[in-house]
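Enquirer: Listed below, chain by chain, are the residues.
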Amino acid sequence: MAQIQVENLSKSYRIAARDPGLAGAVRGLFHRRTREIAALSDVSFSLERGELLGFIGPNGAGKSTTIKILSGILRPSSGRCEVDGRVPWEQRIAHVARIGVVFGQRTQLWWDLPIIESFELLRDIYRVDGAKFGRTKDRLVEMLKIAPLLDTPLRQLSLGQRMRCEIAAALLHSPSILFLDEPTIGLDAVSKLALRDFVKDLNRAEGVTVILTTHDMHDIEALARRVIIIGNGRLLRDSSFESMRNEVLGERRLIVDFATDVGEVAVEGASIRARDGRTIEFAFDPARTAAHTLIANIARAHDVVDIRVDDPKIEEVIARFYTLHGAVES
Amino acid sequence: MNGFALYWRFIAVSVRSQMLYPTAFVLRFSSQFFVTIIEFGGVWVLFARFGHVRGWTFAQVALFYAIASIAFAIADGLSRGFDTVGPLFIKTGNFDRILLRPRSSALQITGQDFALTSAGRLVQGLAAFAVAIDLLKPDWGVAEFMLLAWAVAGGASLFISLKMLEGVLAFWTTEALEVANTLTYGGEAAAQYPLDIYTAWFRKLMTYFVPIGCSLYFPVALVLGHDAPGVPPWLAVLAPATGFAFLGVAAAVWRLGIRYYTSTGS
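If you read the protein sequences in the order shown, they are chains A and B. Oh and the first sequence: position 175 is 197 in this note's numbering, straight run, nothing missing. Oh and the second sequence: position 34 is 45 in this note's numbering, straight run, nothing missing.
Only chain A is shown next, with the shape it has when bound in the complex (with noise of 0.2 angstroms):
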């Protein structure tokens, strides 16, 4: 049976309408006009255990709404939710002691306190046997390479270390699942790629179920092989990493500064998506044309300073899924 279990969740918020203006304040004191916002509707997916799920969608799309459901700290409106053949949000306790949250923009350790001492609250509140405590500190120790860190206080460590120590907190009761949201938010290249390859070892070695949400791109790449994107509180796309790219970023940019001013450029294999002087940004689709007999064409025709080939951004991906799927942003 899948570990994961979703069922035509859905969830309406009640936010208070108010009237702008001290009037319209005073007004909202006696009679309370309220609207209902949608954050989720029909949502349904099944995950099994030891799956690395991708989770993607533009700000407000569901997907902190979607982890807060499955984490067990909010009650759907309506829907079927099993994780582990619990109901997160009924036995919440049961259910949290199961799994590891890492929020990239907040931290689960003690402000003043050695990385030690945090570990070792979080031992005594998970209920940790001490030997069992040490052999998996130990390890995650290692491998997350926090040793020297330890016995300084969080508020002395920077964003990359403190990630790191972040993620043991969240590992160091061996949860079945782990939620990473936006873990590398604000993260240095290479600490960014430490972070995705030790995530990766986890899933595979260890056979933890991993659901990460990005706004990175790269990340999706890196980690996920199954991605779902949300858009709208609507589950737009659930398929393999390798199919998304294929339909969205099917189409990659060749972005081209010209030593002079240039006319008319025909280039074969590629349209021209922009201009902007000397620069002109072209679009063209790898699986046709290769990029280095598109480079070698614009380069044997013309004067050519620099060319670079680049991704869409992940919010044009959105956009243009949106776009390619209906769905219109409120």
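Read the hints as simulated data drawn from the structure, not as lab findings. Nothing false has been slipped in among the hints.
Covered stretches of chain A, as calculated for chain B (at least 3 residues, CB under 8 angstroms):
1. 84 to 97
2. 103 to 117
3. 127 to 138
4. 141 to 149
Glycine included, each C-beta is placed from N, C-alpha and C at the ideal position.
With chain A held as given, fit chain B onto it using these hints.
Expert: Structure of chain B alone, referenced to chain A:
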């Protein structure tokens, strides 16, 4: 690790964190001590002028004052965290983290913010108690001291419950703290004087609705040999138990608050 042990673990951590900033601690400790001791001085001035109030002497009122202060200081120290539910947990979203841990949310909230500075108020309460004993020169036995300790326990439970209810308000509104403060701090101020000096409706309020009278006034009056009308001694001895019952009520309301929070997620 059981809940009680974990709570002390939290408190030890909180105390260590506060000790990282010793000057701030000393300042807040002494301000708590001096503000409350000046307040007690005010009571003395009042009695120096009028001699007694409704048949109560300064020494007797000092005992009420001391027991209420000690009970409140203990409650404030243990449950100050409830004051921060709104600003530190709900507004910031950190309450999610509390719910993501397999432990009682009330325990985590109170444990993470142990108000060491309320020791200042405790010292003042103990000083008032010393003054009361010195003036009364009572011939109490073990039973009387035990009854006073029992009153402190009941009173502290009651004040903790009030703080908890105050904290739970933050699930619905983040602006209600000031109103709620009138209950806790106002309750303490009211309990520092014998209940029968107040007007009838207020006495009833303090007996049946917010049972501060039950936890503090009845047992202390009994120890002082003042029978409260209509309250037989056995009832006065049992009365502080209402403080613990009130704690049960507050805990139930807290659970409702959690349920509301997990439905709205904000």
